[in-house]
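There are 2 protein chains.
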Amino acid sequence: MIEDIVQKTLLYDFYGQLLTEKQRDIMEMYYTDDLSLSEISEQIGISRQGVYDTLKRAETTLIEYETRLGLVDKFLQHKSILSKITNMLNEILTGDHDNISEVKNKIKSIKNFIEKLE
Amino acid sequence: MIEDIVQKTLLYDFYGQLLTEKQRDIMEMYYTDDLSLSEISEQIGISRQGVYDTLKRAETTLIEYETRLGLVDKFLQHKSILSKITNMLNEILTGDHDNISEVKNKIKSIKNFIEKLE
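One line per chain: the protein sequences are A and B, in this order.
My numbering applies: residue 1 is where the first sequence begins, and numbers increase by one.
My numbering applies: residue 1 is where the second sequence begins, and numbers increase by one.
Hints are computed from structural coordinates only; laboratory data are not their basis.
All clues given are correct.
Which copy is meant is left open, so a pair is good if it fits within one copy or across any two.
No farther apart than 16 Å at their CA atoms in a straight line, the calculated lysine to aspartate or glutamate pairs in the EDC-like style are these: (1) Lys-79 x Glu-115; (2) Lys-8 x Asp-25; (3) Lys-8 x Glu-64; (4) Lys-8 x Glu-66; (5) Lys-108 x Glu-91.
The whole structure should be built from the sequences, with the hints applied where relevant.
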């Protein structure tokens with residue numbers, strides 16, 4: 001459930017600007033402000049079913065954009081690589097290195113990871 | 001002129017999948033295969049003006065996507081940061097470092113650049 005919301009939030013972060021203003025408003029009320037369908041319905045004056053349909057259509061649109069562009073997937077891959085690089089940099093910073101050659105080997109590995117980001 | 005083509009190629013790389021198949025075909029014939037408008041016109045059997053209009057409409061669409069999502073701009077920023085990081089890693093690899101503290105200072109700077117990529 002939480003993963004589902006994280007996934008939808010990421011999709012919204014990447015492709016939200018391609019939705020209509022109405023779709024964006026309803027998604028923000030539902031996911032960011034945590035309002036119920038009925039509360040949104042009252043607030044913007046369309047039926048509860050209308051709110052539900054708009055929400056579902058917006059989510060389908062976001063998934064379609066991800067299928068075509070794959071930005072969320074790429075973002076998550078980059079995030080994982082950046083995390084590995086940061087760990088390796090921290091190992092150098094906190095480690096007790098007697099000779100520079102050991103550090104240089106780590107630097108070479110970091111360079112390989114950096115290339116994956118290009 | 002070259003910059004203009006690079007810019008259009010980047011826009012196409014990022015958002016090409018959001019164009020219609022016809023728009024993609026014509027953009028590839030024009031920019032990748034380097035065919036003239038007349039040659040494309042003959043090849044796909046629409047008027048030269050039709051080819052021109054499709055090309056212009058596709059380019060306008062790509063620019064609209066960039067205005068909304070800014071992926072090319074972000075990509076170029078990341079590329080510049082990655083290049084700086086690579087240079088700093090190379091400095092460590094090729095440098096003649098007597099003590100590790102100098103290297104650690106460089107590593108700290110690299111960490112700051114990595115954070116900008118997150």
